[in-house]
Amino acid sequence: MKKLLQSLFVLLFIASSVMAQDRTVSGTVTGKEDGLPLPGVSVRIKGASGGTTSGADGKYSIRVTTSASALEFSSVGYISQSISITGKNTINVSLASDAQSLTDVVVVGYGTAAKKDVIGSIAKVSGESLQNIPAPSFDRALAGKATGVQVITPSGLLGQAPQIRIRGINSITSGASPLYVVDGIPVISGDVGGFTSVNALADINSNDIESVEVLKDGAATAIYGSRAANGVVLITTKRGKSGVQFNYDGWTAIANISSRFDLLNADQFVTIANERFTNAGQTPQAKATPDGSGGFIDTDWQDAVFQQSVQQSHSVSASGGTDKTKYFMSLGFTDQKGAIVSNSLRKYSFRANLDQKITNFLTFGITSGVTYQKNLGPLAGSNNLSGNIFAATRMLPNVPVYSDTDITGYNISADRRSLGPGANLSPISDNIPNIRFVLDNNVRQSQTIRLIGSTYLEAKIFDGLKFKTQLGIDGSYIEDFVYTDPRHGDGFSGNGSMSQAYSPFFRWNWQNILSYTKSINGEHNIDVTLVSELQKQRSSFFQANVSNLLNIYFNQNITSGTFITPTVSGGLTLNGIESYLGRFNYNYKNKYYITGSIRRDALSSLPLNNRVGYFPGVGVQYRITEEDFFKNASGLSFISDLRLKASFAEVGNTDIGSFPYFGTYGAALYGNQGGIGFNNTGNPLLKWESQKKYDVGLDIGLLENRINLGLGYWKQDTKDLILAAPTAPVLGVPGNSISRNVGSMSNKGWEFSVNASVLPAGKVTWNTTLNFSIQKNVVTGLVDGNDIVGDYNLTRVGESIRTLYGYQYAGVNAANGNPLYVKADGSLVQGRISNTTYYKYDPANPNYFFNAAQPVSATNPDNRSSLTAADKVILGNSLPKWFGGFNNTITYGDFDLNVFLRFQGGNYIMNRTRQDLLSNNFVNNSTEVLGRWQSPENPGDGQMPRLWAARGSFINLDNNSLSRFVEKGDFLRMDNLALGYSLPSSILSKGSIKKVRVYASAQNLFVITGYKGLDPETNTTGAGVDFNGNPQLRTFTFGLNLGF
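Mapped onto mature numbering (1 follows the signal peptide of the UniProt record, and there is no 0), the consecutive letters of the sequence shown carry residue numbers -20 to -1, 1 to 1024.
Any given hint might turn out to be false.
In the DSSO-like style, the derived pairs of lysine-lysine whose C-alpha atoms are separated by at most 27 Å in a straight line are [claimed, not checked]:
no., residue 1, residue 2
1, K611, K95
2, K516, K498
3, K218, K975
Cβ pair distances, simulated, as ranges [unchecked claim]:
no., residue 1, residue 2, range
4, I441, T869, 42 to 48 Å
5, L1020, G778, 53 to 59 Å
6, L985, I604, 39 to 45 Å
If you are wondering where the hints come from, they were derived from the structure by calculation, not from laboratory data.
Here the structure is a predicted model, which is why all the values come from computation and not from measurement.
We put the beta carbon where it would ideally sit given N, CA and C, even for glycine.
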């Protein structure tokens, strides 16, 4: 017994000694960039099994023995650390994000993939780069961020959606926009009826975006089949992570138009206007208008239209969860006043994303985003959003904006039809109204509420096999209201008018996705995806129009009962698509890759016999750096990744209308008898436009992928383009044409990109990206090879779509001030302004004109000529041939600097605004008119002909492209310059606030260009024609980012 007690005592002593040598190490794990606690970080004893994880507050505690030398901290998306614990009981760790790791996962169609395994051409833009930019929608922030992606901002008006082109224009008459997919659900962006289109990207809070992937080539887009001809944009919103995190992002901005027109002042206007009348043999009409204080009126009408824009945006979010429940929620508010009087935008957004792990193999989730926005747009020039520019540049500078003698308080003519003439003897031409009255009293308002959401259930059947069913919806309701004041302007002739439209839209999409992944012996890696998808949508609109208003104060809606003449209209559209698809990915030892996909689409919008289509795609990739011979090669260790890839696919374009093959009927008159008549002839043989995509590429990673280079060549051949084919008039077909699949075109180009961590770590870091794209478009087939000719453009086989087409200008005849032109045969003609007749131009006898009152003779030869449509020539390509972006992010301690430049060129612009500002009517002009011809002794600049009242159409060839006004569109734009400062984590560690960053930025700071218009990107017609477009804004922003 005694020996037993002694043995027990010895064992207890040994145990207590061992326990005395164990100790507890604890601390907090935070993120280096934002100082926020990191939950779920793995904390392990180096060289031992077991460990712990940090809690929701980032805190951890672990027992260690005397033999333990270090703790290892690791978490997905962060750089792991090993820290010595010798003599330490408290260790606080700050983990830096692993930028390479964060970008290693790429969203693809119906799933995700490791970046190294992606064969297709996919451009990824992080959500972080889209934040804190004062734009109504983040699509503008995409400009210059990805190769092959062109974002065109048509004007600086709020609420006007940019145009996104992926690898060029791929259709002549059908839709040219990409397919947008939000969290796996295809959504609509464009016309849904009524006055206002929906913009899918404007209906998402940019602070809610995790990433944007742009699918470009066949391997990436083939999975979307009939909807992939114009590329695909995948938007992924943020989801919750373990722990709790709150963020606030807010900014306020001041914006103005980036440039103004150079217009005549009052004195110059009087001189120029009266010179026109004098040259035409008429009495001068322009006079200085007294201002009542001894001086004279000199009005800058641009001040009456443009204003300083004040904007603000606020967004709060909460995210977090446990190992079973994860959530992300946000609220957003944006209030923007445009730089154009009466233009404003107010938007509210709410998002709730939830992922719930029900069991170890079953997960349920919800994604929902709701947006409400109210937009007020300037209503001028017969509902033309550019009418404010038209009127502001033509208003007479020698008359005032306001008048105490008019009951409205504005300067309005006695007949109420136009701007008041002041002291002038004639009113302004064309009955142009007082633009300030129009902007202040007319109303154009739209209100949109939209829900984009989905719910899913995912089951892990067994290791590697998953099944996911997802039901998504995209619904919107738009209410438009337009009011024109009966007292003046557009509403005067009809005694005022109101229009109200309601446009509900609803789409549902159901997907069932079965996926299987398997790795055999770590060498054969297989990934199979099978999908069934069903989508239906319904859109309708109802519009009511009234005129002859009885009272100007009933201007809120058409139900006020104050009108006399009502009309109504409406429409309903139903369509759907049924799809089955499969994708197979295989690689051997991460070295040899092949992917293949096939999709079957059935589209209700097409005739029954042409409703079904099959769309295959295939891609291959060879990772040379995985070869043993490469790994063992001396001198090549600096190359960390080298990949060759190629792909091919056949895809389609379903944006061809709802039921284009149907013949339709509408209201018609037979004599004075009303009835129903045939108004459109359908084509039962019609099918979707189809496209073949070819792509080859080379990706290179250098210095452990600190430098990444990408080079690619692509080609897209599109056929079966839908065009209006002429029919014989005797057939009685409405419009004498029928839609047929007869057109074709080709796009091709090169893409180059560089992404480099020049200084990857340390007190100073520097990351830079450069992307450069070259594109060429050629039309290869039209109806019977015939040209499609417009006022300013031409679409011709062998040329680019919508090439600028018009007359060649040869300057001014210095002897008499007449304009000179080049005919198709190369000869010169002059347009004699005095009698609007064309004559052959003889430099030796520039003032000779045939006398039609005398017979033709040796001394009176007939030198009359003409200038007809046959003399028109191609003046330039309207599509940019090259574009790109150059982005630099530099940090120095707690300071960060971002410099982003964007460039574009190789295209030409028809500056119709400049052409119109040289009008010979009784309106104001640009200062370019000061270079006019006045006499043989004072011939001016050699480009501006002699002035002559009311002869502007003859002198400037209005409504035609003229080489004089066709200019290069090349530019370099400072898109964004931002400087930020983050409070160091050492200051914030004692409080609940974990991140504080303040910043100032400038957008559109300057543009270097030879273009004479306000903005080389203004494209009001979509065909390279700048006509009274509103310029982009120059914006200065001050912002704050907080993290809790």
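Where does the structure disagree with the numbered hints, that is, which hint numbers, in rising order?
Of the numbered hints, just 2 does not hold.
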